Structures are given as structure tokens and as C-alpha cells.
Amino acid sequence: MKEIIRTESLGKYFGEMAAVHEVTLTLQEGLFTSVIGPNGAGKTTLINLLSGYILPDRGRIYFREKEITRLGPDKRVKIGISRSFQVMNIFPRMTVFQNILLPVLSRLNKTSSAFSSLKGQKEAVGEAEKILGEVWLQEEKDFPAGELSHGDQRLLELGIAVATNPQICFLDEPSSGMNPIERIKVLELVKKLASERKTTFIIVEHDMDIVFSLSDWIVVMNRGEVLAEGKPAEIRENQEVRDIYLGEEI
Amino acid sequence: MKTRVAILVLVILLALLPAIAGKYALYVTIHILLLSIFSLGFNLLFGYTGLLSFGQAGFYAVGAYGCGKILLAYPSLLVGIVGGVVIAGAVSLFLGILCIRHTRIYFSMLTLSFGMMIFSVAWKWRDVTGGDDGLVGIPRAPLEIPGFFKINMTPMENYYYVVLAFAILAIYLFHRIVHSPMGLAIQGIRDSETRAACIGISVRKYRLLSFTIAGLYAGLAGSLLPPLESTVTPPVAHWSYSAEPVLATLLGGIYTFSGPIVGSVLFYLLKDIIVRFTEYWLICLGIIVVVLVMGFRGGVMSIFLKEGGRR
Chain A
1205 MKEIIRTESL GKYFGEMAAV HEVTLTLQEG LFTSVIGPNG AGKTTLINLL SGYILPDRGR
1265 IYFREKEITR LGPDKRVKIG ISRSFQVMNI FPRMTVFQNI LLPVLSRLNK TSSAFSSLKG
1325 QKEAVGEAEK ILGEVWLQEE KDFPAGELSH GDQRLLELGI AVATNPQICF LDEPSSGMNP
1385 IERIKVLELV KKLASERKTT FIIVEHDMDI VFSLSDWIVV MNRGEVLAEG KPAEIRENQE
1445 VRDIYLGEEI
Chain B
-13 MKTRVAILVL VILLALLPAI AGKYALYVTI HILLLSIFSL GFNLLFGYTG LLSFGQAGFY
47 AVGAYGCGKI LLAYPSLLVG IVGGVVIAGA VSLFLGILCI RHTRIYFSML TLSFGMMIFS
107 VAWKWRDVTG GDDGLVGIPR APLEIPGFFK INMTPMENYY YVVLAFAILA IYLFHRIVHS
167 PMGLAIQGIR DSETRAACIG ISVRKYRLLS FTIAGLYAGL AGSLLPPLES TVTPPVAHWS
227 YSAEPVLATL LGGIYTFSGP IVGSVLFYLL KDIIVRFTEY WLICLGIIVV VLVMGFRGGV
287 MSIFLKEGGR R
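If you're matching them up, the sequences are chains A and B in order. Every number in my numbering is 1204 more than the matching position in the first sequence, counting from 1. FYI, my numbering numbers position 34 of the second sequence as 20, with every residue one higher than the one before it.
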């Protein structure tokens, strides 16, 4: 197994509060990894730091052994890091197809082209069509994205995240707001995309049944720190993890 | 197909206008064309990039003064217009670097401030701008490329065709830009700058591009003014002048390609009609804009378009 991303003593502080504190973590390529923890544990802040959405106050981040600590989010995308957001973040005024086409154009470095037509971007159009099929949104391609149902918008956001063809993709609660059946469907889609696209997915998820059934590796956070990490069976037996979940069966 | 036919008919009508209309109609049409160019550039920033600028009159004035100064020194229409546009583009690029780091009200206030600085320069730097007298006696120089052709621009009709040609070119290029990958990128930034950044789009780079192009359009509209009026005065740089493309765009529709053009026609005609009856024309125009904005949030064009359409 090869290391894909690593942090050293990573920290982010908002005043007195340590959102992420002294996080030293190594994520392995090809492992379907879940980050879990109670509300306020620092899961989203960790993903924000790893994706470049916010910069750390302390520590370092390495992607394939190369330091990327101060690299902005747009530049991280170019080296193969992508993400989705906890709160829906799509391009609502654009069509579903344009939502996918734009990240594909960005990956192909075609967005600087000011006078060529979109239809003429044959390679990008073909790829966008393919991705739409992969996330089951082919029939909605001409709809304004803002008018899709919540579940379809979640699928679209997943499509946008994979359209940059990332090596590692962080998904922050990709199934939030969905019913249990939709949740399983979406997370199985993520798993399928992971194997077909050779992308390493790191997800933040609250549904423990799904996390434990789908994950190869689990990182547990509490109060901004990594409490434990390991295989699902190991985490299930970890007493500290059981304690933070108030003795719940996990 | 219907749209293309309508555009063709409109262009033919505009081309025939000097033969069927008087000088005043030509004068009004030139002003409408200038406002259309000005408003299109403004809407690239506002409707397509999501940045509300109150300082576009500054770039309009830079174009106008730049062209005026060139024409006074070197009477060649093409050199004057191109020179004015280039100067306005350079100024908007420089100020854009400072403005695009901010968004929302902070961006709007910065553009307003820089616009008023340009107004102050126009008002106070008498040696260069003529101060409150402005630049006077600007010639409507001939359109010439030495060794190829030289067309006398003294007749209004001839100058009208020059403005019409520049307007058609500006509209065509604008259409290409907003329907290009770059156009899609700036619309992505408008919809969600965080999402845009997280798919690899450099938000600042594209905002700066949009700001500079908007400045070039304002500069082009401004450059076409001095040969028409033979004069440029500081009020063209005033913030209230920046309101004209804002109102025209709101009237026509911010989320449609043709909205700013239709809005410019409506704005100028309404202004032209109301001003005949009362000096308080701005109050009447304000009421009309309020009614339109409240009744048709997508502007007049939203009435004619299907939902989600963009023509």
C-alpha cells in the first residue's frame, strides 16, 4: 500500500478553540477511508485543511511526499485532490451538463479559451457525458442544476468532484439529507467509482452502519484530535471510541 | 434560426437607418449603441461574474479622454479609438488587481471609490483634462489607413456606420466570450466561488479577466463619444454615469445575453421621452425601474423568454 497524503502535527485554531490539533495522519492510496467522530470533532476542518480550502496555523501536509501545506485549493485540484462539501455546493444557475463540463474543461486546461465554442470542445463534452451517465443524471442533463431534487443535487456534486479526475477525493457527508435507501445507493456508487476510477475516497459520514460496511480504514476524531485509526473491526472494539459514542453499539 | 433571422433583419434595418431617418434619430441611435456596449461590459461583471461595479464610468471616461487627447494631437479616428480603448484597458487591469480581491459590497465600494478618483483627476488636472471645461474642439477625424483608404467622417451618417461596425463587433465578441469555456468559468465563479476554486479554477485570474474586459468595453463606448460630441467633460466620469448601464441592464435583464442591449434601448428612449415633459426625468425613470424590477425580476427580456433561457 502506498502513502497518498500525510499530515504532520497539523493544527487549526479559532481563537481559544482547537478545531484541529496536532493531527499526524497517513492516508493510504486505494483504501476506502472514513473519518468519523461526534459533532464538532474537527472532521470537516480536517477536510478543509487537506483540500486547501483553509490554511493551517501549524503543521505540514504532504501529497505523494511533496509538501502542499500553503497550496491554494485550485492548485491542489490540478495535482489530483478534489472534494465535495457538507452544505450543497453546485452551480445552481447552470445546467446539470455544464456543472460537469466545467470541471472537465478545468482539468484539460481549456477554461482560458475565450473565443472557442463550448460545443467545439469535443473531448470535454464526451467526458462530461460519460460522467453524467456514471452518476445517473443523463436524463436531467439540460435541467438547471438548482431545480434538481436534493438527492440528485448530491449525485451532481459527486459528479463534479470526480470530473476533475482526482487521485484522492474528500467527500464531506455525501449522503446528508437523504433517506436510508438513498444513502446506501449513493455510498455504493462512491465505492463503485473508487474501483472504476482508481480514486482514493476519504469520506466523512455519520451513518455508522454504512461506514463500517463500506470502509477499509476508519479514522476517529474527537475534540480536534485523532483518537484512533484502524480497520473497521479494530475500531469497533476500541473502548475509547465506544466511550465517545456514549456506549452506543457501533 | 428565428433568432438569427431577427438579428439579420435588425442589422439590415440599422444599416438602412441613415437612408430613412433624420440626423436626430442617428444621434439617438449612436447613443443607444454606445450605452449598449457600455452595458454589455458591465453585465459581464454583474450578470456573468457576480460583481456589481459602480465605477464603470471611470473607465468610460478614461476611454473618452484618451481618445480625445489622441485626436487633438493626431487626427486619425482609428488611432484615437484604439488608443482610448487600450488606455482604458490598462487602467482597468491595474485597478482590477486591487479590486478583485474583494467581493460583494466591498468590491462595489472599491470600484465606486476608484471611479470617483478618476472623476477627481478629470476635474482637477486642468493641464491634461481641461478641468471643468473638459476637452473641447475634438475633431471627428477621418477614418484612414495610410496608403489604403481615407473616409471623411464629417457627415454624421459616416460616423454612424463606424459606431455601428464597432457595436456589431463588440456584441459578436461578447457572444463568443460568454459562450466559450472562459465564459462558463466566470459563470461558475458567479454561482459559487468556493466550488469553482475546488474544481481548479483560479477565481482571481478570471475575475481580473472579466474586470479588464468590462473596462475595455467601457473604454470602447467612451472612445466613441468624443468624435460625436467634439467634447469630453468630467460628468462622464461621475458615479451617477455608472448608474446608466446598471439601470439599462436591470431594465433589460441581467441573466440574458440581449438584456443589456434591450435595456439600453428602453433606457435611452424612456429618458429621451420623459425629459421632454419634465426636468425630473430621473424620478419617473426610477419609478419605472422599480416597477420593472419588482414585477419582472429578470428584466423585460424575461417576459419573452422561456424559463432558464439565455438569448
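Hints are supplied without guarantee of correctness; some may be wrong.
[As the list claims (entries may be wrong)] Counterexamples of contact, computed for chain B against chain A with all Cβ distances above 10 Å: (1) T(-11); (2) A(-8); (3) I(-2); (4) L58; (5) Y60; (6) L64; (7) F80; (8) M103; (9) W109; (10) Q173; (11) I185; (12) V251; (13) G272.
[Stated by the list, open to error] Keeping only pairs whose Cα atoms sit at most 25 Å apart, straight-line, the calculated DMTMM-like set for lysine to aspartate or glutamate is: (14) A/K1206 x A/E1220; (15) B/K9 x B/E179; (16) A/K1345 x B/E179; (17) A/K1282 x B/E179; (18) A/K1402 x A/D1278; (19) A/K1282 x A/E1338; (20) A/K1314 x A/E1233; (21) B/K(-12) x A/D1447; (22) A/K1402 x A/E1233; (23) B/K136 x B/E265; (24) A/K1279 x B/E179; (25) A/K1395 x A/D1447; (26) A/K1314 x B/E179; (27) A/K1206 x A/D1420; (28) A/K1334 x A/E1344; (29) A/K1396 x A/E1333; (30) A/K1389 x A/E1233; (31) B/K191 x A/D1278; (32) B/K191 x A/D1447; (33) A/K1282 x A/E1343; (34) A/K1326 x A/E1386.
[To be verified] Have a look at the derived ranges for each label pair, beta carbon to beta carbon: (35) A/S1320 x B/R283: 48 to 58 Å; (36) B/I274 x A/S1353: 51 to 61 Å; (37) A/R1262 x B/M280: 43 to 53 Å; (38) A/K1282 x B/I83: 56 to 66 Å; (39) B/V277 x A/E1220: 34 to 44 Å; (40) B/V(-9) x A/G1355: 55 to 65 Å.
Since the hints were made in silico from the structure, they are not lab data. Just so it is clear, the structure is predicted and the values come from calculations on it, not from any experiment. For every residue, glycine included, the Cβ atom is placed at its ideal position computed from N, Cα and C.
Return holds or violated for the Cβ distance of A/K1282 and B/I83 against the range 56 to 66 Å. Since the Cβ atoms of A/K1282 and B/I83 sit about 22 Å apart, the hinted range of 56 to 66 Å is violated.
With a cut-off of 25 Å on the C-alpha distance, tell me whether B/K9 and B/E179 pass. violated, 48 Å
Pairwise hint evaluation, B/E179 against A/K1345, where the allowed Cα distance is 25 Å at most: holds, 22 Å
Are the Cα positions of A/K1326 and A/E1386 separated by 25 Å at most? violated, 33 Å
A cut-off of 10 Å on Cβ-Cβ distance, and B/M103 was said to be off the interface with chain A. Does that hold? holds, 29 Å
Does B/A(-8) sit more than 10 Å from chain A, CB to CB? holds, 21 Å
That 55 to 65 Å hint for B/V(-9) and A/G1355 (C-beta), does it hold up? violated, 42 Å
Tell me if the beta carbons of B/I274 and A/S1353 are separated by a distance inside 51 to 61 Å. About 39 Å separates the Cβ atoms of B/I274 and A/S1353, which means 51 to 61 Å is violated.
Against chain A, does B/G272 keep a CB gap of more than 10 Å to every residue? holds, 28 Å
B/F80 and chain A, when compared Cβ to Cβ, separated by more than 10 Å: The assertion about B/F80 holds, with a minimum of 20 Å to chain A.
Quick one: work out the minimum CB distance from B/Y60 to chain A and report holds if it exceeds 10 Å, violated otherwise. holds, 31 Å
Claimed clearance of chain A by B/V251, with the beta carbon kept past 10 Å: For B/V251, whose nearest Cβ neighbour in chain A is about 25 Å away, the distance exceeds 10 Å, so it holds.
The structure fails to meet hints 10, 11, 14, 15, 20, 21, 23, 25, 32, 33, 34, 35, 36, 38, 39, 40 from the earlier list, while all remaining hints are met.
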